[in-house]
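**Student:** First to last, the protein sequences are chains A and B. Just so we're aligned, residue 203 is where the first sequence starts under my numbering, counting upward by one. Just so we're aligned, residue 203 is where the second sequence starts under my numbering, counting upward by one.
Think of the hints as simulated: they come from the structure by calculation, not from any bench. Think of the CB as a built atom: it goes at the ideal place given N, C-alpha and C, for glycine as much as any other residue. Careful: at least some of the hints might be erroneous.
[What the hints assert, rightly or not] Computed footprint of chain B on chain A, listed as stretches where at least three residues anywhere in the stretch have a Cβ under 8 Å from a Cβ of chain B: (1) 270-278; (2) 291-302; (3) 383-397.
[Said to hold, decoys possible] Subject to a maximum C-alpha distance of 16 Å in a straight line, what follows is the list of computed EDC-like cross-link-like pairs (lysine to aspartate or glutamate): (4) B:Lys412 <-> B:Glu448; (5) A:Lys213 <-> B:Asp217; (6) A:Lys246 <-> B:Glu337; (7) B:Lys389 <-> B:Glu351; (8) A:Lys412 <-> A:Asp445; (9) A:Lys509 <-> A:Glu337; (10) A:Lys389 <-> B:Asp535; (11) A:Lys415 <-> A:Glu448; (12) B:Lys389 <-> A:Asp535; (13) A:Lys512 <-> A:Asp535; (14) B:Lys246 <-> A:Glu337; (15) A:Lys389 <-> B:Glu351.
2 protein chains.
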Amino acid sequence: MDAAEFRVKAKEVVDFIADYMETIENRRVSPDVKPGYLINAVPKDAPKDPENFEDLMKDFKEIILPGILHHQHPLFNAYFPLGHSFASVLGTMLSDGIAGISTSWAISPACTELEMVVTDWLGKLVSLPKQFLHEGGEGGGSIQGSGSECIFLALSAAKRHTLQNTVDEAPRLVAYTSCLANVCVQKACSLGSVILRQIEVDENLSLSVKALKRSIMTDKSNGLHPFFVCATVGTTSCCSFDDIYELSEVCDKENVWLHVDAAYAGCALVCPEFHYLIDGKEKISSISFNPHKWLLTTTECAVLWLKNKKPLTDCLGASATYLQHKHQAETTDFR
Amino acid sequence: MDAAEFRVKAKEVVDFIADYMETIENRRVSPDVKPGYLINAVPKDAPKDPENFEDLMKDFKEIILPGILHHQHPLFNAYFPLGHSFASVLGTMLSDGIAGISTSWAISPACTELEMVVTDWLGKLVSLPKQFLHEGGEGGGSIQGSGSECIFLALSAAKRHTLQNTVDEAPRLVAYTSCLANVCVQKACSLGSVILRQIEVDENLSLSVKALKRSIMTDKSNGLHPFFVCATVGTTSCCSFDDIYELSEVCDKENVWLHVDAAYAGCALVCPEFHYLIDGKEKISSISFNPHKWLLTTTECAVLWLKNKKPLTDCLGASATYLQHKHQAETTDFR
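The following block holds chain A by itself, in its conformation from the complex:
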């Protein structure tokens, strides 16, 4: 496909997207297909010859769309419409259209600096303290693909920070979260090879701070090393809120990294009346939420802010001649 053909076909795709959104209420919300429906509808091998655009669009409409859950449907009430806005689609088109790839500041300064600017903008909107901003010095935000990735990276940074600050050579690290936390906390602990305690909740369905204190005390007396608490602002199953203020006091005293997973509810923090939900934020170590959930942004856009970037860049940092550039002392290189 050359530029001339792209001009024509891409405009047809634009109209298709607009039509889809304008008539979405005529579709069934959730797919009604059986396992294997698509596998059995397409060839077993990649076609040898290219297919024309009209046939591809026909397949898209007849094979793909019936197997899609339509998150933008006005009757989709399981969560909320997510991962979409026309403005965001334009942004992705531009980014894809120029293939702006960035593996360090030197490759594409615009990508690195724009990420710093917009994560600072967003951090300010949700009332994060200055230490969590790039303009504040040691902290800052970065864009990840999912809330799961944010939590895994926060846990990895906490692990690095703990190992750098303990005399114990092989500490048996323990993480804590509420029994209502998202499954991605289990995944992060599994990938990071640390023990996870799923703590009971109190009458508000919030992580029980009493039970947490007891669990930390028991683990310490058994020679284990508590290092990470993942609090939830907006649990997946019932939208309960952990008490960030109380947890931050406990974690501060115990020298434990406190991460706040605000995956979807964090988006609501753009409203000042909800800022109280993260009271205690000065003492947390990291926080993440997903603009692709409730802020009109196309997936994938999850943001992780750290009060101190160093433990994360330390555990992702690696040296190679092909990554070096003359401005590296003055820039942030996202890895």
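We have chain A; now place chain B onto it with these hints.
**Tutor:** Chain B in isolation, oriented as in the chain A frame:
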């Protein structure tokens, strides 16, 4: 922005992308800006009012584009043009346009099944044995965001597999790679908390099999547990090739997981005359490469194939009521 405005503006973006590609040779290949150039050119806070499309496009042209390295430029000779084709941009537009989000088969069967079909297609094109295909049974491919993620996930699966098959309660795991391997192997070992040995290369700049055997023997005699070798097909700095056949014999004998990182050179395996580069493939455990590098696919598209998916789904698997669905026994759920 409503659908009517989207129809107009998105078509302007289409023309902009076509114009960009048709005149790219008039641009400077690499950016000539100093650190902070963009940070200092935009406001410190998010604007309170929306800006109009014309102003945004002006900013894009005047502030973003001068800070981009133009990978599609005919004089970009550092690697190869990557992460772009007009057909691929259309694919992303469609996917973004309908916001087809998938967290399990049940959410969007089309996403899961299409991923299984196309990774099987691609696996066959590069001559992977049937065990690496979904249609073959226990194995299969999945799409990840980067080669780094593929290697980290392969290492995580290897770790899980090893821990499930050893009597030692806390084995000290050791991974091996060539000193010319990409830095992402260092990152994966750092995140996975395992020891990494960077083995010397032979006269072909391939991982020295002799040195690897010596290192494994020394580690075993010191009570360590060799568990993972990451071989490279096309090293980043000089495009050397590790000898997959010889390594597969060693790993098979030592019961060590062999992953083949073919991040960019793997794309060349679509040509049958290069299939010999992965001779020994029947005995490897996993392999990955990035269609977004050399196969005309927009980032992010890296594919990881495993001979046995179970250790990976085991370490990413987590249970929660909101993930359960009635077809889960018959489907593959990518996590």
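**Student:** Confirm or reject each hint.
**Tutor:** Okay, the hints, checked on the actual structure:
| no. | hint | in the structure |
| --- | --- | --- |
| 1 | 270-278 | holds (count 5) |
| 2 | 291-302 | holds (count 10) |
| 3 | 383-397 | holds (count 9) |
| 4 | B:Lys412 <-> B:Glu448 | 10 Å, holds |
| 5 | A:Lys213 <-> B:Asp217 | 9 Å, holds |
| 6 | A:Lys246 <-> B:Glu337 | 9 Å, holds |
| 7 | B:Lys389 <-> B:Glu351 | 10 Å, holds |
| 8 | A:Lys412 <-> A:Asp445 | 12 Å, holds |
| 9 | A:Lys509 <-> A:Glu337 | 12 Å, holds |
| 10 | A:Lys389 <-> B:Asp535 | 15 Å, holds |
| 11 | A:Lys415 <-> A:Glu448 | 11 Å, holds |
| 12 | B:Lys389 <-> A:Asp535 | 15 Å, holds |
| 13 | A:Lys512 <-> A:Asp535 | 12 Å, holds |
| 14 | B:Lys246 <-> A:Glu337 | 9 Å, holds |
| 15 | A:Lys389 <-> B:Glu351 | 15 Å, holds |
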